[in-house]
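The listed protein sequences derive, respectively, from chains A and B.
The first sequence finishes on residue 366 if you use the working numbering, and the numbering steps up by one all the way, no holes.
The second sequence finishes on residue 292 if you use the working numbering, and the numbering steps up by one all the way, no holes.
Please keep in mind that the hints were generated in silico from the structure rather than gathered at the bench.
For glycine and all other residues, C-beta sits at the position ideal for the given N, C-alpha and C.
Certain hints may be false.
[Claimed, not checked] Derived CB-CB ranges, DEER-like:
1) A:Tyr154 x B:Gly164: 12 to 22 Å
2) B:Phe194 x A:Val91: 40 to 50 Å
3) B:Lys46 x A:Ile274: 16 to 26 Å
4) A:Thr188 x B:Leu230: 49 to 59 Å
5) A:Leu116 x B:Ala42: 24 to 34 Å
6) A:Gly237 x B:Ala227: 44 to 54 Å
7) A:Leu307 x B:Pro166: 37 to 47 Å
8) B:Phe194 x A:Leu307: 26 to 36 Å
9) A:Thr182 x B:Ala42: 55 to 65 Å
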Amino acid sequence: MVRRERLQHPAAWWLWGLGLATAASRTTNPVLLLLVIGVCVLVVSERRDPATANMLVPFLVIGLVIIAFRVALTMILGNGIVGDTELFTLPRIPLPDWAANVRIGGLVTLESLLYAVYEALRLAAILACLGAANALASPRRLLRYLPATLYDVGTAVVVGLTFAPQLLADARTVRAARTLRGHDGRGLGELARLTVPILETAFERSLGLAASMESRGYGRAVTMTAGGRRLASVLALVGLLGILGGLYGLLDASAGGVLGLPLLIVGGLLAAASLVVGASRDRRSGYRRDPWTWTESLTVLVGALAGAVMVTGSAAGWNGLTPSQEAQLPAVPLPAVLALLLAATPAVFTPRPRRAT
Amino acid sequence: MSERRVVPLTWPSRITLIAVAVISVLAFTWPFIVSAQFAKAHGNDAPWLFAALLALLALVCLAEVTAGRLDAKTIAILGVAAAAGGAMRVLSVGTAGLEPMFFVVIIAGRVLGPGVGFLSGSLALLTGAMLTGGVGPWLPFQMLCAGGIGLGAGLLPGRPGARSERWVLAGYALGTGLLFGVFMNLWFWPFIGANAPSGMGFVPGAPFEENLAHYALFYAATSLGWDLPRGVLNALLVLIAGPALLRVFRRGARRAAFGVPVVFGPAARPVETAPPPVDTKGPGGR
């Protein structure tokens, strides 16, 4: 079946990425974590948004750096894991009494290194999921789906996103002009001197933009009554109180942890509702709306399924989700592998993004 | 001072900000106060729970502070602050967190008041994250922290244009640069758990002092080397460019003429609008 080339709804990709990140956060099994990273790489290479830079690569690089950093730190400073398999011993630097808890150098065991690698790999896998979401759907496309209450905030961010590259171009121009006048254009004082002309230009431009927005009747898109606004404020305040109470119940066991989570959830829902009820957007036609079809639903579903399987697996204590630090391949639970493989299917069934011509 | 009324903080938004501040402080400092049983059961989930919670709270804060009262001029000014912060973020990607962004946020908050300070701080972070593609669970924590820095800059004492202003702001930039690092490392510290170097990790249920000492060591070992230069850089930028930048922002705010009532008169002859309120005390009034 050939589907029309289009970009999938950004929310679908982000929910898929969050589901996969949840799955990755539940395990330290290196096989499963590498599988998660593989799924991300596969889907991104098939369906990435061609209009933006591939953000997965920098996220993967950061993940590698984290692993290397953790291993180095564990070798030098050790960690809380005691193991029997001795690899080698680094020269130990004696420290004064007040730093007795810290050690520099000393025995390096295989177990502590493996633990460091597994934990760092988990973080790297979570980062890969986020990088995949960033690469599949640029977060600025999500700005469109802000609730009407945040309409003007979203506009300010869009203005900022548009102005930032212009600011950089201005900076280059001003710097070139200063270089022509014989300043070398380096150093802190020079950087400080750049800011005045750049920001003056930016203010000029933004006030011009404001004038044109006002003359074109900007701001009629959102209708808001005083009563609706007050209701939203009340909802937000009650919701915040609920969240506070819920957190108190969760963190302080003596206050009865049972009440904590429900109170927290109700508070969160009320606060979220305050975002929706405060204002409403006029019905109007949108420019290039992203449709939500069955491919979007299925993408979210497979992502959520991966997360749900891993969460139930870790709650039920499946063998191999958190392997021991021994030099052998850990047991790999089959349902987890199947769920993760299923999460890779959006690489096939989703519509292909249009290639840049 | 007229610029202070650009985004006035109403009572509901003040209470919202205070409640969110309390929740955010809890979201950062829970490792020190939590019971051992909670930490053992949920130590790995809690950072993610708080990330989701703070994302919601950041949106609620933005909605309450703006409350649909932003006019086109305010949006344009906020756009400039967000763009400046975002551009700084893009420039500083290579320098591993030496972000000179806060200095723009601090100046904006100082000139345009705590409301704009909060908005420009959090929007600058958001814009920077969208420009560099670095949207992740750390973003809500960063947004609320940077918003707090801008808000605090708006609340700093001192007459605008006073000689001591730049020193006050530079000290504030140095302090907040360090504090930002202290808090931003805290959100993922318990997640590292036993994998942290010995004597620097989060020990569930250990006494407050022990965990605090462990965290202090962790911070000094992994983060101080970046945070100190960042704080110093921001303070130096405020010292060198601060007065000029303050003038630029005050002039921009004056030309935008916030708070001038719009009067519709008979169409026969052009209406004389009230002259914009001029801040006579400020320097550089032209």
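Against the structure, the hints:
| no. | hint | in the structure |
| --- | --- | --- |
| 1 | A:Tyr154 x B:Gly164: 12 to 22 Å | 42 Å, violated |
| 2 | B:Phe194 x A:Val91: 40 to 50 Å | 24 Å, violated |
| 3 | B:Lys46 x A:Ile274: 16 to 26 Å | 22 Å, holds |
| 4 | A:Thr188 x B:Leu230: 49 to 59 Å | 36 Å, violated |
| 5 | A:Leu116 x B:Ala42: 24 to 34 Å | 29 Å, holds |
| 6 | A:Gly237 x B:Ala227: 44 to 54 Å | 51 Å, holds |
| 7 | A:Leu307 x B:Pro166: 37 to 47 Å | 58 Å, violated |
| 8 | B:Phe194 x A:Leu307: 26 to 36 Å | 33 Å, holds |
| 9 | A:Thr182 x B:Ala42: 55 to 65 Å | 59 Å, holds |
Violation of the numbered hints given earlier is confined to hints 1, 2, 4, 7; the remaining hints are satisfied by the structure.
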